[in-house]
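Place chains Z and D on chain B using the hints.
Residue numbers (this note's numbering), protein chains in the order written: chain B, 1490 to 1807; chain Z, 1490 to 1807; chain D, 1490 to 1807.
These aren't lab readings, by the way, just hints derived from the structure by calculation.
Some hints could be false.
When chains are identical, the list treats them as one kind, so a pair holds in a single copy or across two.
With a Cα cut of at most 25 Å, we get these calculated DMTMM-like pairs of lysine to aspartate or glutamate [to be verified]:
id: 1; residue 1: Lys1774; residue 2: Asp1793
id: 2; residue 1: Lys1675; residue 2: Asp1630
id: 3; residue 1: Lys1612; residue 2: Glu1685
id: 4; residue 1: Lys1675; residue 2: Glu1726
id: 5; residue 1: Lys1538; residue 2: Glu1522
id: 6; residue 1: Lys1806; residue 2: Glu1778
id: 7; residue 1: Lys1612; residue 2: Asp1584
id: 8; residue 1: Lys1806; residue 2: Asp1793
id: 9; residue 1: Lys1777; residue 2: Glu1726
id: 10; residue 1: Lys1675; residue 2: Asp1686
id: 11; residue 1: Lys1669; residue 2: Glu1726
id: 12; residue 1: Lys1576; residue 2: Glu1685
id: 13; residue 1: Lys1576; residue 2: Asp1630
id: 14; residue 1: Lys1576; residue 2: Glu1726
id: 15; residue 1: Lys1576; residue 2: Glu1594
id: 16; residue 1: Lys1777; residue 2: Glu1672
id: 17; residue 1: Lys1675; residue 2: Asp1565
id: 18; residue 1: Lys1532; residue 2: Asp1565
id: 19; residue 1: Lys1576; residue 2: Asp1686
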Amino acid sequence: MIALSDVARTCGIAFEGSDRPIKGINTLKDASEEEISFLDNPKYLGDLKATKAAAVFIATKMAAEVPAGSIALADDEPYLKMALASKLFAPALVDDTAPEAVIGEGTYVAETATIARGAVVGKGCTILPGVYVGSRAVIGDGTILHANAVVYHDCRVGSNCILHSGAAIGTDGFGFAHTKLGEHVKIYQNGNVVVEDDVEIGGNSTIDRAVFASTLVKRGTKIDNLVHIGHNCIIGEHSILVAHVGISGSTVLGRNVVMGGQSATAGHLEIAPFTTLAARSGVTKSIKEPGGTYAGFPLMGHRDWLKLQGILARLLKR
Amino acid sequence: MIALSDVARTCGIAFEGSDRPIKGINTLKDASEEEISFLDNPKYLGDLKATKAAAVFIATKMAAEVPAGSIALADDEPYLKMALASKLFAPALVDDTAPEAVIGEGTYVAETATIARGAVVGKGCTILPGVYVGSRAVIGDGTILHANAVVYHDCRVGSNCILHSGAAIGTDGFGFAHTKLGEHVKIYQNGNVVVEDDVEIGGNSTIDRAVFASTLVKRGTKIDNLVHIGHNCIIGEHSILVAHVGISGSTVLGRNVVMGGQSATAGHLEIAPFTTLAARSGVTKSIKEPGGTYAGFPLMGHRDWLKLQGILARLLKR
Amino acid sequence: MIALSDVARTCGIAFEGSDRPIKGINTLKDASEEEISFLDNPKYLGDLKATKAAAVFIATKMAAEVPAGSIALADDEPYLKMALASKLFAPALVDDTAPEAVIGEGTYVAETATIARGAVVGKGCTILPGVYVGSRAVIGDGTILHANAVVYHDCRVGSNCILHSGAAIGTDGFGFAHTKLGEHVKIYQNGNVVVEDDVEIGGNSTIDRAVFASTLVKRGTKIDNLVHIGHNCIIGEHSILVAHVGISGSTVLGRNVVMGGQSATAGHLEIAPFTTLAARSGVTKSIKEPGGTYAGFPLMGHRDWLKLQGILARLLKR
Chain B
1490 MIALSDVART
1500 CGIAFEGSDR
1510 PIKGINTLKD
1520 ASEEEISFLD
1530 NPKYLGDLKA
1540 TKAAAVFIAT
1550 KMAAEVPAGS
1560 IALADDEPYL
1570 KMALASKLFA
1580 PALVDDTAPE
1590 AVIGEGTYVA
1600 ETATIARGAV
1610 VGKGCTILPG
1620 VYVGSRAVIG
1630 DGTILHANAV
1640 VYHDCRVGSN
1650 CILHSGAAIG
1660 TDGFGFAHTK
1670 LGEHVKIYQN
1680 GNVVVEDDVE
1690 IGGNSTIDRA
1700 VFASTLVKRG
1710 TKIDNLVHIG
1720 HNCIIGEHSI
1730 LVAHVGISGS
1740 TVLGRNVVMG
1750 GQSATAGHLE
1760 IAPFTTLAAR
1770 SGVTKSIKEP
1780 GGTYAGFPLM
1790 GHRDWLKLQG
1800 ILARLLKR
Chain Z
1490 MIALSDVART
1500 CGIAFEGSDR
1510 PIKGINTLKD
1520 ASEEEISFLD
1530 NPKYLGDLKA
1540 TKAAAVFIAT
1550 KMAAEVPAGS
1560 IALADDEPYL
1570 KMALASKLFA
1580 PALVDDTAPE
1590 AVIGEGTYVA
1600 ETATIARGAV
1610 VGKGCTILPG
1620 VYVGSRAVIG
1630 DGTILHANAV
1640 VYHDCRVGSN
1650 CILHSGAAIG
1660 TDGFGFAHTK
1670 LGEHVKIYQN
1680 GNVVVEDDVE
1690 IGGNSTIDRA
1700 VFASTLVKRG
1710 TKIDNLVHIG
1720 HNCIIGEHSI
1730 LVAHVGISGS
1740 TVLGRNVVMG
1750 GQSATAGHLE
1760 IAPFTTLAAR
1770 SGVTKSIKEP
1780 GGTYAGFPLM
1790 GHRDWLKLQG
1800 ILARLLKR
Chain D
1490 MIALSDVART
1500 CGIAFEGSDR
1510 PIKGINTLKD
1520 ASEEEISFLD
1530 NPKYLGDLKA
1540 TKAAAVFIAT
1550 KMAAEVPAGS
1560 IALADDEPYL
1570 KMALASKLFA
1580 PALVDDTAPE
1590 AVIGEGTYVA
1600 ETATIARGAV
1610 VGKGCTILPG
1620 VYVGSRAVIG
1630 DGTILHANAV
1640 VYHDCRVGSN
1650 CILHSGAAIG
1660 TDGFGFAHTK
1670 LGEHVKIYQN
1680 GNVVVEDDVE
1690 IGGNSTIDRA
1700 VFASTLVKRG
1710 TKIDNLVHIG
1720 HNCIIGEHSI
1730 LVAHVGISGS
1740 TVLGRNVVMG
1750 GQSATAGHLE
1760 IAPFTTLAAR
1770 SGVTKSIKEP
1780 GGTYAGFPLM
1790 GHRDWLKLQG
1800 ILARLLKR
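In isolation and in its complexed conformation, chain B is listed as follows:
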């Protein structure tokens, strides 16, 4: 916990009001009374009105909108100030004070694997050489971590999962605030990744940790090699992501979504359950209707894509 006055001072914001201990940053909607938040995009003004956040980074001209009970941290660059504050709440990468890792019965841990202090590994797991399970990470029962797979600090992997070599769970989400000089200030990614049971993750795939809360891969999903999942995504149950798929931040897939090789989505989208995306599809708008099959970039129905290719082939022959 950090005193709110210290947070303000770190960010160079004059602090007025009653001080209180703060445990982290969150969205206006999800922040508790022990967290601070920020308003960057006016479309969240409704969330501001209802927020429980202890304090809110906000543009000076909007400061009067902060509800009673919450303190305005007013500044011309509130998003940038939130980024500066985020570093204060970054969890320790290494924690020598944590208790020794707990390793379940019948679990094999190779000599050169590292299970950090504070981590918990279930029963009957196979942990091959070079694996790293970070501080406070949790692994379920019967899970296989192939050589050099990495589970970052504070992440959770369920039971009966398979992580292939080089899979990296919990890399930082790609989030920055920008200064007027064009520099990028890191928004510390203080959330985690939660991988549910029966998930397989291919070689050298990466799943970014959430900026707040969790990036979530639900039960039974199968992920091929070299796939990238951005921060705060939710991947529905029993989905299939083929090699080189890229999913941008905060996109939500329903259950049984199939994404072909090299297909990708923009961020902040919803993709309905049972959607099939052909190889190399590029999704830039949410898909609301379940069960459709799509192709192309920009995305269209798969039949339309085939028809369009026919039209182009005829243009070529003219």
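Chains Z and D alone, transformed into the frame defined by chain B:
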């Protein structure tokens, strides 16, 4: 070896006939008398007639087609049952009973590299920190494994090869059977990867092991970073695969095929020798004619692609 | 240093003239009097005239063009001979004679991380398990190397950088000479990678070392997961490269270039400062004008791309 009756019991199939020891699963065509097989796609009915397999997972209504000498393992979901059986034949990831690894003369092995029991490494190799060579894997002479490269169990890498950091040879092929509830049941990938001599494999590239038999990368092929090769592919001699190439399962490249950056192929295709695929090409049909140059997705001759771009540019100016 | 006569002998070229010690290979333009060079492409004939190189691999029929003071290494396949010679100058991957690594004050090095002899690591760094810092590599102050990140020999990473798991800095550039039989002969990549301060590099991204001199990532640039940067590229300050971006060799980005997910460039291009490339853009020609926004493959202005998609949508509805 596992008794055929035990295989049937594991899959919940009533077993009739004379029992026998089984060593694995294979295609109808390649199965020996000590292996079992399956018929999923009716186009392999011809292979069924000629199979030597000890037993065949097959749809109940087709069971009568199984030839004399082979036993029908009849079920409504034969492919799913094969997937369940595949787990029985998965080779051990860790084998404490295997003899200590054999390391050739003049080979340097870094302290934090792991050469598993049962592995064999040739002469004059350089094995940098964090490398993992799995159980029963074989490495030729003069090969360099850069830091954190991984060669999974049972895979073979030839002489004078270079594997860059994070290259993962022998990750599981992406193969699943599907239940009526939309769950995916892993088909254990009990084959391996064979990399011949003089092959270079870039950083964080992945080559999936075969479901049966071998994924094969032939002599002299050069593979860039972040390339994915699916299970059971054959990559011809002296081919060139540029960064981010993706090759789906069971596709066969002839010799001296060049694939530009981010290009990709669908599965089960043949690409003729000396074919050149421009960057970002997407191949969905076999290429029979050697020596052609192609581009685009869907694929077309490179000249046609240039012409099509000219037509589109004119449409835009109208 | 290797005697020039020995270099010639290794390549099977008859040597005439006064012998001298050679320390490496470089371009005609940059070679010093202790280096050798080569002329492969006639467009560099101007550079030949002004070269300081001790000797030049050159086609027999062009040998008379080599200036006085430089020795012609004449052959029918000069580029191939240069490739053969490059191996002679490859720096040692492991150097037991180098002094022990220097580790700065307050730097945490995990037990299973390896800092090779001859390397230098600054103050206040965090080096997690499985990391490899190669011979003669240099890491600045306050840099975080996440589990299993790799910095190859002779590379330099600045201060306050973050390298995520599996990031590989200094993999070999993808450069080969080709024989008449279609074999590929490795051009040893004897340059390095230089990453300046305040750079973040995502999980499993790869940055290839230069063939000569340095691949350079300038100050403040942020690189997402699974990005590939080819040899001899220069990435300008404060650039943003989103997941799955691929940049081919020798391409130069100005400052504050933004490349969207899965976008890519061909090699030997220049991309002007403040250029924005939409997701999946494919750049095949240099961009001279700063500040533009582009999309598509082939590349066009972003507005044109939107217009073209409108035209195609109308074609589809006809």
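Do the hints match the structure? See the list:
1. In this assembly of identical chains, the alpha carbons of Lys1774 and Asp1793 lie at most 25 Å apart whether taken from the same copy (17 Å) or from different copies (20 Å).
2. Within a single copy, Lys1675 and Asp1630 get their C-alpha atoms only as close as 35 Å, which misses the 25 Å cut-off; across copies the closest is 18 Å, which meets it.
3. With identical chains, the CA atoms of Lys1612 and Glu1685 are at most 25 Å apart within one copy only, with a shortest distance of 16 Å there and 39 Å across copies.
4. Taking identical chains as interchangeable, the C-alpha atoms of Lys1675 and Glu1726 lie at most 25 Å apart only when they sit on different chains, with a minimum of 15 Å there against 32 Å within one chain.
5. Proximity of Lys1538 to Glu1522 under the C-alpha cut-off of 25 Å is restricted to the intra-copy arrangement: shortest distance 14 Å within a copy versus 72 Å between copies.
6. Proximity of Lys1806 and Glu1778 under a CA criterion of 25 Å is satisfied inter-copy only: 21 Å between copies versus 36 Å inside one chain copy.
7. For the homomeric pair Lys1612 and Asp1584, the shortest alpha-carbon distances inside one copy (24 Å) and between copies (19 Å) are both at most 25 Å.
8. In the homo-oligomer, the alpha carbons of Lys1806 and Asp1793 lie at most 25 Å apart both inside one protomer (20 Å) and across protomers (9 Å), since each shortest distance falls under that limit.
9. For the identical chains of this complex, Lys1777 and Glu1726 are intra-copy neighbours only, at 17 Å inside a copy versus 40 Å across copies, given an alpha-carbon limit of 25 Å.
10. Proximity of Lys1675 to Asp1686 under the C-alpha cut-off of 25 Å is restricted to the inter-copy arrangement: shortest distance 14 Å between copies versus 32 Å within a copy.
11. For a Cα distance limit of 25 Å, the shortest separation of Lys1669 from Glu1726 across copies, 14 Å, qualifies, whereas the shortest one inside one copy, 42 Å, does not.
12. For a Cα distance limit of 25 Å, the shortest separation of Lys1576 from Glu1685 across copies, 21 Å, qualifies, whereas the shortest one inside one copy, 28 Å, does not.
13. With identical chains, the CA atoms of Lys1576 and Asp1630 are at most 25 Å apart between copies only, with a shortest distance of 18 Å across copies and 33 Å within one.
14. Taking CA atoms no more than 25 Å apart as the test, Lys1576 paired with Glu1726 passes between copies only; the shortest distance there is 22 Å, against 33 Å inside one copy.
15. With identical chains, the CA atoms of Lys1576 and Glu1594 are at most 25 Å apart between copies only, with a shortest distance of 22 Å across copies and 37 Å within one.
16. For the homomeric pair Lys1777 and Glu1672, the shortest alpha-carbon distance between copies (22 Å) is at most 25 Å, but the shortest distance inside one copy (37 Å) is not.
17. In the homo-oligomer, the alpha carbons of Lys1675 and Asp1565 lie at most 25 Å apart inside one protomer (18 Å), although the nearest pairing across protomers, at 54 Å, exceeds that limit.
18. Within a single copy, Lys1532 and Asp1565 get their C-alpha atoms as close as 18 Å, which meets the 25 Å cut-off; across copies the closest is 53 Å, which misses it.
19. Taking the shortest Cα distances, Lys1576 and Asp1686 sit within 25 Å of each other only across copies (18 Å), while inside one copy they are farther apart (32 Å).
Violated hints: none; the structure is consistent with every hint.
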